[in-house]
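Colleague: From first to last, the protein sequence lines are chains A and B. Sequential numbering of the first sequence, starting at 1, is according to full-length UniProt numbering. Sequential numbering of the second sequence, starting at 1, is according to full-length UniProt numbering.
Hints are supplied without guarantee of correctness; some may be wrong.
To be verified - In silico lysine to aspartate or glutamate, EDC-like type, Cα no more than 16 Å apart, as pairs:
#1 A:Lys177 / B:Glu199
#2 A:Lys6 / A:Asp138
#3 A:Lys155 / B:Glu521
#4 B:Lys546 / A:Asp281
#5 B:Lys183 / A:Glu507
#6 B:Lys401 / A:Asp217
#7 A:Lys546 / B:Glu131
#8 A:Lys183 / B:Glu507
#9 A:Lys183 / B:Glu18
#10 A:Lys155 / B:Glu199
#11 A:Lys391 / A:Glu320
#12 B:Lys155 / A:Asp470
#13 A:Lys210 / B:Asp217
#14 A:Lys158 / B:Glu18
#15 B:Lys183 / A:Asp534
#16 A:Lys517 / B:Asp281
#17 B:Lys517 / B:Glu567
#18 B:Lys241 / A:Asp162
#19 A:Lys198 / A:Glu188
#20 B:Lys177 / A:Asp162
#21 B:Lys158 / A:Glu521
#22 A:Lys158 / B:Glu521
#23 A:Lys177 / B:Asp534
#24 A:Lys241 / B:Asp162
#25 B:Lys158 / A:Glu199
#26 B:Lys183 / A:Asp532
#27 A:Lys183 / B:Asp532
#28 B:Lys177 / A:Asp532
#29 A:Lys528 / B:Asp411
#30 B:Lys135 / B:Glu18
#31 B:Lys198 / A:Asp281
#32 B:Lys502 / A:Glu188
#33 B:Lys528 / A:Asp411
#34 A:Lys401 / B:Glu521
In case anyone wonders, no lab produced these hints; they're calculated from the structure. A quick note: this is a predicted structure, and the numbers were derived from the prediction, not measured.
2 protein chains.
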Amino acid sequence: MNEDKKEKLIELIKVQGEVVRKLKATQSSKEKVKTKHLGREKDLHVLNDYLANASYLGGYSPTHVDSAMLEALNGPPWPCNVPHLERWYHHMMSFSVAERTALPASVLPTRLVALFATNNHISDLEEKIAEEVKKLLDLKAQLGDEVVPQKFTLKTPKGTRDYGPQQTALRSSVLEKIIAVFKRHGAETIDTPVFELKEVLTGKYGEDSKLIYDLADQGGEILSLRYDLTVPFARYLAMNKITNIKRYHIAKVYRRDNPAMTKGRYREFFQCDFDIAGQYDPMIPDVECVRVVSEILRSLQLGEFVVKVNHRQLLDGMFEACGVPADKFRSICSAVDKLDKLSWEEVRKEMVEEKGLAVCAADAIGQYVCLSGGIELVDQLLNDEKLKKAKSACVGLEAMKIFLQYCNIYDLQKQVKFDLSLARGLDYYTGIIYEAILLGEEPGDNSSEGIEVGSIAGGGRYDNLVGMFDPRHKNVPCVGVSIGVERIFSVLEARLSAQKLKIRTTEVEIFVASAQKNLLEERMKLCKLLWDADFKVESSYKRNPKLLAQLQYCEESGIPLAAILGESELERGVVKLRDVESRQEVEVARDVLINEIRQRLGTKSA
Amino acid sequence: MNEDKKEKLIELIKVQGEVVRKLKATQSSKEKVKTKHLGREKDLHVLNDYLANASYLGGYSPTHVDSAMLEALNGPPWPCNVPHLERWYHHMMSFSVAERTALPASVLPTRLVALFATNNHISDLEEKIAEEVKKLLDLKAQLGDEVVPQKFTLKTPKGTRDYGPQQTALRSSVLEKIIAVFKRHGAETIDTPVFELKEVLTGKYGEDSKLIYDLADQGGEILSLRYDLTVPFARYLAMNKITNIKRYHIAKVYRRDNPAMTKGRYREFFQCDFDIAGQYDPMIPDVECVRVVSEILRSLQLGEFVVKVNHRQLLDGMFEACGVPADKFRSICSAVDKLDKLSWEEVRKEMVEEKGLAVCAADAIGQYVCLSGGIELVDQLLNDEKLKKAKSACVGLEAMKIFLQYCNIYDLQKQVKFDLSLARGLDYYTGIIYEAILLGEEPGDNSSEGIEVGSIAGGGRYDNLVGMFDPRHKNVPCVGVSIGVERIFSVLEARLSAQKLKIRTTEVEIFVASAQKNLLEERMKLCKLLWDADFKVESSYKRNPKLLAQLQYCEESGIPLAAILGESELERGVVKLRDVESRQEVEVARDVLINEIRQRLGTKSA
C-alpha cells in the first residue's frame with residue numbers, strides 16, 4: 001500500500017470512528033435498549049452459537065449489552081440444548097443487579113442484531129450503530145496489518161491491578177518489616193512455581209475448588225495456578241522428603257472469585273506465610289507463630305489488635321458433647337465459622353434448617369460458642385460435665401492450657417483471647433487455630449477502640465496435609481500463619497491518602513544539575529564520579545535542561561542535595577552544593593566534594 | 001466402612017500393587033511392546049476419543065506407551081477426521097527419538113488394550129498388566145475416599161522447579177546487588193499481573209507466540225501468562241498515559257519452550273528489566289543502560305565481559321546498501337542474529353537458500369558483519385562509498401558515534417565493542433541494541449580469558465511499542481536492558497558447588513540452649529528478652545533437647561553465639577555465652593547480657 005492511500009484510509013477511519021462515537025453517545029444518553037421475551041429456539045441457537053466462541057456479547061468483558069440481553073431472555077429452563085448460552089447466563093447472573101446496571105456501554109455484534117430485528121425489538125439506534133461499526137471495521141480491514149488498530153479495551157484482567165511506583169514502594173516497606181520479623185525468628189524462605197499439576201490442588205479446597213484458575217490444555221500436563229501457598233508447601237515437603245523446616249513464603253496466589261476491589265479483594269493477591277514443620281513438643285512452635293504475628297503487627301504500627309484462639313479438637317469434642325453426629329462435624333464447624341459475620345440466630349437457623357441438626361444440639365452449641373476468656377475459662381470447661389465425657393474436648397482443653405501458659409511467657413496474654421466461636425474455614429486444621437483482628441482504625445482514635453475492623457492474620461496447626469502427598473502417607477506436622485498483607489496494604493494506603501502523604505519512590509541522594517547550556521558532558525563526568533563513590537545520583541536526560549526545571553524536580557522528588565555546575569564553577573574547580581529543602585548553597589572544592597556530600601547525607605539521615 | 005474392613009482392603013491393595021509392580025518390572029526388562037501398523041479407521045477413532053479427554057496414553061506425562069503407539073501408527077495423512085489424535089501425534093513428534101526412547105514405563109489404559117487385542121498386536125504381558133491394574137483400581141474404588149491413594153507423580157510442572165532455601169538465599173543476594181545498582185541510578189519499581197488479556201500479547205512476539213501459555217476459558221476474559229516484562233510495561237505506560245519513567249521490574253515470565261534445564265533454561269524463569277521511557281536527547285539514556293549493566297556485572301564479580309553494540313538503523317541501511325529488498329530486512333536481520341552460534345557460511349546459506357536472497361547481496365553483507373571495533377570503525381564506515389548512499393546507515397552511524405563518545409565519559413570504552421554482526425532477535429527494536437557477554441568462567445582463570453561463555457544481558461531502544469497500545473498510537477520512546485539473572489544464578493551456583501561452599505540460609509545470631517532438663521520455660525523467657533532487644537534468636541522446639549545436639553545445630557547452621565542455661569547459672573543470675581566457632585565460653589551477668597551480645601556480634605560482623 002502506498003503512503004497516500006494509507007493516509008487517506010486512516011483519515012476515513014478517523015471520520016467513521018467519529019460517527020460511531022457520536023451514535024454511541026446518543027445511545028447511552030437514552031434509556032437502555034428495550035428488548036423483551038426473546039425465547040424462540042432459533043434465536044437461542046443463534047445466541048448459543050455466538051457464545052461458543054465469545055465470552056460476552058459486547059467484547060471481552062461484560063457490558064450493558066449483556067445485561068440488556070439478560071433481560072430480553074426468559075431465562076432457564078431452556079427449551080433446547082444451549083450449553084454456551086447457559087454458561088454465559090449463569091456467569092451473568094453471578095453479578096448483582098447493581099453491578100449489571102453499572103456495566104459500560106458497548107454495541108451488539110452485527111450477527112446478533114438480526115436476531116433482534118426479526119423480533120422487532122431492536123431499537124433503530126442499535127441497528128444504525130452496528131451498521132456504522134461494520135463500515136468502520138471494513139475500512140480497518142482494508143488497512144490490514146499496516147497499523148494495528150486498537151481493538152481491545154486497554155485494561156488489566158478482571159480482578160487484577162498494576163502496582164505503580166507509590167504502591168510498590170509502600171508494599172516493599174511493609175514486606176521489609178514483616179521479613180525482618182521472620183528473620184528474627186530464624187526463618188528461611190523458599191519459592192515454588194506459580195502453577196502446579198492440577199491434581200496437586202484437587203481435593204484440597206472443598207467447594208472453593210471452582211475458584212481455581214486452570215491453564216488451557218495446550219498438549220502436555222494439566223496445570224492450574226496456585227490457590228494458596230500452603231498446598232504447594234506441603235507438596236514441596238513431601239516431594240523433597242523434608243521433615244523439618246521453618247520457612248516463610250511471600251508470593252501471589254490466584255482465585256477466580258468475584259472481586260470486590262473496593263474492599264481490597266482481588267483475583268491476584270499476595271499471600272505471606274510463615275510455617276514451622278517438624279515433629280516437636282506440644283504448643284512450642286504454635287505459640288511462636290502467634291508471637292510472630294504480634295511482633296509484625298506492632299512493627300507495622302497498625303494499632304490495637306486481638307488474637308482469638310481455639311482448638312479443633314475442642315470444637316470436635318464440643319460437637320460430640322452437644323450430640324452432633326460425627327459426619328456433621330465439618331459442616332457444623334463451617335456454620336460456626338460464620339459467627340464473625342452473622343448473629344447466633346442466623347447461624348442456628350443454618351444448622352437446623354439447612355444442615356438438619358437437632359434443635360437441642362444447636363442450642364447446646366449456642367451455650368458454648370458465646371464463651372471467651374483466658375486460662376480461667378479453660379479450667380472452667382475442664383470441669384464442664386458434658387465436655388468431660390468427650391475425650392477430644394479434654395485433649396483440646398489441656399493443649400489450650402499449655403498454649404495459654406506459654407503465651408504468658410511470651411508476653412502475649414493481653415492480646416490473646418480464647419474464643420469458642422472461632423472455627424476457621426479450612427478443613428485441614430487439626431489442632432490450635434487462631435486469627436488476629438484489628439481493633440479500631442487509627443492508633444490514636446479512642447472512640448473506635450475495641451471495634452473489630454477485620455481479620456489481619458490467621459492460621460493454625462495442620463498435621464495431616466503433607467501426608468496427602470506422600471506415597472506412604474507419612475505425615476509432617478505443621479503449624480503456620482498467613483499474614484493478610486493485602487489488607488495491610490489497603491489500611492496503610494488509606495492512612496497515607498488521608499494524611500495526604502506521599503512515599504518517596506526512589507532513593508536518589510544527589511541530583512547533578514547545570515546552570516548553563518552545553519554542560520552535558522560535564523554533568524555526565526560528575527555523575528560517573530559520584531556513582532563510582534556509590535552515591536545514588538540522577539541528572540537530566542536532556543542536553544540543555546532549564547535550571548529551574550531541574551531544581552523543581554529535586555523538590556518534587558524529595559532529593560536532598562543538588563550539585564550545580566556552571567562555567568565559572570568549572571573554571572575554579574568547584575561545585576555548587578545546594579541543600580534542596582533549605583535552598584542554601586555553598587561552593588565546595590572538587591577534591592573534597594565526595595567527603596562533603598557523605599557528611600551532609602550522614603547528617604540528614606541521622 | 002469399619003476399621004477392620006478398611007485395613008483388610010488396604011492389605012489387599014498392597015498385595016495387588018505388588019503384583020502390578022512385578023509385572024511392570026518384567027515388562028521393562030524386556031524389549032518394548034511390539035505393535036505395528038495400527039491403521040483401521042475404527043481403531044483410530046477409539047484412540048481419538050480417548051485422547052479427547054487425555055493428554056497422553058499412560059497418564060499426565062508422556063511415557064513409553066506413547067512412543068510404542070507412535071510406532072504402531074502409520075502416521076498422517078489420516079484416513080478420517082481425528083483432531084485429538086492429530087494433536088497428540090504432533091506433540092509426540094516434537095520430542096527427539098532419544099527423548100522418546102528415554103520415556104518412563106507405564107501401562108496402556110484398559111480401553112485401549114482391546115484395540116490392540118483385536119489386532120493381535122498386544123503382548124500378553126501388556127494385557128496381563130492391564131488386567132491386574134484394573135483389579136487394583138477396583139479395590140481402590142471400594143476403599144473410596146477414606147484414604148486417597150497417591151495417583152500422580154509428585155513433581156513440579158515440566159520446565160519448572162522449586163527454589164529451596166539455599167537457592168533463594170543465593171537469588172536474594174544476587175538480586176539485592178542488582179537492585180542496589182538500579183537504585184543508584186534512581187529507578188522506581190512497578191508490578192503488573194502475571195496474566196494479561198490475550199490480545200495484549202497478540203502480535204508482539206512473531207513466531208514465538210506459540211510458546212505463550214494460555215489460561216483455560218472458564219467463562220470470562222481470554223487470558224495468557226506474561227511472556228516477558230516489556231510488553232506489560234508498554235501496556236502499563238499506554239494505559240496510565242505515563243510519558244516518562246525510569247523503572248525496574250523483577251518477576252517471573254512464562255514460555256512453553258522445550259526446556260533445557262541442565263543449561264538453566266526453564267519454562268518459568270525470572271526476568272530483571274531496567275527501562276527508561278521518555279522523550280529525551282539522543283543516546284543519553286541509552287548509554288546509562290549500558291553503564292547500569294557494567295556496574296551490575298562488576299558488583300557481582302562475574303569476571304571479564306564485553307558489551308557488543310550495534311544500531312538497527314545502521315543494519316537497515318547496510319541491508320539497503322547491499323541490495324536487500326526492504327521486505328526482507330527483518331528476516332535477513334534474524335539470520336544475521338544467528339552469527340553468534342553459526343558460521344558465516346551457514347548463515348549465508350540460510351540467506352540465499354532459505355530466504356531467497358541474491359548471492360551478491362549476501363556476500364556484500366558478509367563484508368560488513370565481520371567488522372567490529374571502536375569509534376575509528378564508525379569513522380571508517382562514515383566514509384564507506386556504499387553506506388554513504390543509504391540514509392539510515394548514516395543516521396545509525398552518527399548515533400553510534402555519539403554513543404561511543406558518551407561511553408568514554410562513563411568509562412565504558414574497555415568493555416564496549418561496536419560489532420556489526422549483532423542483530424538481536426526481537427522485532428521491536430528501533431535504535432541502539434546491545435548485548436553483554438561473559439568472557440571465561442572464572443575471574444582468575446587466565447587460560448579461558450577471552451572466550452565468550454554466553455550472553456548475560458541485552459537490550460536496546462524500542463520507540464514504537466507503546467504506540468501499539470495507545471488508541472491514538474501515541475508513542476513513548478523507550479530504551480532498556482534485561483539482565484539474564486537465571487544465567488547469573490546458574491554461574492554462581494556452579495561456582496559455589498565447585499568450591500563446596502554453602503550459603504547461610506538464615507541470619508540467626510544467637511541460639512538459646514539448655515544444659516539440663518526442665519528448662520523450657522527459662523529458655524522461652526530468654527528468647528523473649530532477646531527478641532525484644534531485636535536479636536535474631538532461635539531455640540529448640542523440644543522440651544528437653546540434648547546439649548550436644550543443640551551445639552551441633554549451631555555449628556552446622558553457622559550461628560555465631562549460643563546462650564547456655566543451666567540451673568547453677570540461673571541461681572547465680574548469669575548466662576554462659578559460647579562463641580560457637582572458637583568454642584570458648586564465658587559467664588555473663590544477666591544485666592549486662594544484651595550489651596555483651598551486641599558487642600560480640602559487632603566485632604564479628606566488623
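Colleague: Decide, hint by hint, whether the structure agrees.
Modeller: Quick rundown of the hints versus the structure:
Straight-line distance between C-alpha atoms of Lys177 (chain A) and Glu199 (chain B) comes to about 38 Å, which puts the hinted pair past the 16 Å bound. For the suggested pair Lys6 (chain A) and Asp138 (chain A), the alpha carbons sit about 14 Å apart, so the restraint of at most 16 Å is met. Restraint check: the Cα-Cα separation between Lys155 (chain A) and Glu521 (chain B) comes to about 56 Å, which exceeds 16 Å; the hinted pair is violated. For the hint pairing Lys546 (chain B) with Asp281 (chain A), the CA-to-CA distance comes to about 14 Å; that is within 16 Å, so the pair holds.
Restraint check for Lys183 (chain B) and Glu507 (chain A): satisfied, since their Cα atoms lie roughly 6 Å apart, inside the 16 Å limit. Using a Cα cut-off of 16 Å, the hinted pair Lys401 (chain B) and Asp217 (chain A) is violated, with the two alpha carbons roughly 50 Å apart. At roughly 84 Å between alpha-carbon atoms, Lys546 (chain A) and Glu131 (chain B) are farther apart than 16 Å, so this suggested pair is violated. At roughly 6 Å between alpha-carbon atoms, Lys183 (chain A) and Glu507 (chain B) fall within 16 Å of each other, so this suggested pair holds.
Distance check on the hinted pair: Lys183 (chain A) and Glu18 (chain B) sit about 46 Å apart at the alpha-carbon level, beyond 16 Å; violated. This hinted pair checks out: Lys155 (chain A) and Glu199 (chain B) have alpha carbons roughly 11 Å apart, not beyond 16 Å. Pair hint Lys391 (chain A) plus Glu320 (chain A) holds up; C-alpha atoms about 9 Å apart against a cutoff of 16 Å. Pair hint Lys155 (chain B) plus Asp470 (chain A) holds up; C-alpha atoms about 12 Å apart against a cutoff of 16 Å.
A hinted pair counts as satisfied when its Cα atoms are at most 16 Å apart, and Lys210 (chain A) with Asp217 (chain B) qualifies at roughly 13 Å. With a C-alpha separation of about 50 Å, the suggested pair Lys158 (chain A) and Glu18 (chain B) falls outside the 16 Å cut-off, and the hint is violated. In summary, the hint linking Lys183 (chain B) to Asp534 (chain A) is supported, as the alpha carbons are separated by about 10 Å, within the 16 Å threshold. Of the pairs offered as hints, the one joining Lys517 (chain A) and Asp281 (chain B) holds, with about 14 Å between alpha carbons and a cut-off of 16 Å not exceeded.
Between Lys517 (chain B) and Glu567 (chain B), the direct Cα distance comes to roughly 9 Å. Compliance with the 16 Å bound is thereby established for this hinted pair. Under the criterion of a C-alpha separation no larger than 16 Å, the hint pairing Lys241 (chain B) with Asp162 (chain A) is consistent with the structure, at around 13 Å. Among the hinted pairs, Lys198 (chain A) with Glu188 (chain A) is inconsistent with the structure: their alpha-carbon atoms are about 27 Å apart, more than 16 Å. Taking the CA atoms of Lys177 (chain B) and Asp162 (chain A), the gap is near 25 Å; set against the 16 Å cutoff, the hint is violated.
For the hint linking Lys158 (chain B) to Glu521 (chain A), the alpha-carbon distance of about 51 Å lies beyond 16 Å, and the restraint is violated. Distance check on the hinted pair: Lys158 (chain A) and Glu521 (chain B) sit about 51 Å apart at the alpha-carbon level, beyond 16 Å; violated. Proximity of Lys177 (chain A) to Asp534 (chain B) is assessed by CA-CA distance (about 12 Å); at most 16 Å being required, the pair is judged to hold. Under the criterion of a C-alpha separation no larger than 16 Å, the hint pairing Lys241 (chain A) with Asp162 (chain B) is consistent with the structure, at around 13 Å.
The hinted pair formed by Lys158 (chain B) and Glu199 (chain A) meets the criterion: a straight-line CA distance of about 14 Å does not exceed 16 Å. Straight-line distance between C-alpha atoms of Lys183 (chain B) and Asp532 (chain A) comes to about 14 Å, which keeps the hinted pair within the 16 Å bound. Of the supplied pair hints, the one linking Lys183 (chain A) and Asp532 (chain B) holds, its CA atoms being roughly 14 Å apart against a limit of 16 Å. A distance of roughly 15 Å separates the Cα atoms of Lys177 (chain B) and Asp532 (chain A); the hinted pair therefore holds under the 16 Å criterion.
Distance restraint check for Lys528 (chain A) and Asp411 (chain B): the Cα-Cα separation of roughly 8 Å lies within the 16 Å cut-off, and the hinted pair is therefore satisfied. A C-alpha spacing of about 12 Å is found between Lys135 (chain B) and Glu18 (chain B), which places the hinted pair at or below 16 Å, so the restraint holds. Between Lys198 (chain B) and Asp281 (chain A), the direct Cα distance comes to roughly 51 Å. Violation of the 16 Å bound is thereby established for this hinted pair. Between Lys502 (chain B) and Glu188 (chain A), the direct Cα distance comes to roughly 14 Å. Compliance with the 16 Å bound is thereby established for this hinted pair.
Of the pairs offered as hints, the one joining Lys528 (chain B) and Asp411 (chain A) holds, with about 8 Å between alpha carbons and a cut-off of 16 Å not exceeded. About 15 Å separates the Cα atoms of Lys401 (chain A) and Glu521 (chain B), which keeps this hinted pair within 16 Å; it holds.
The structure is inconsistent with the numbered hints 1, 3, 6, 7, 9, 14, 19, 20, 21, 22, 31, although it conforms to all the rest.
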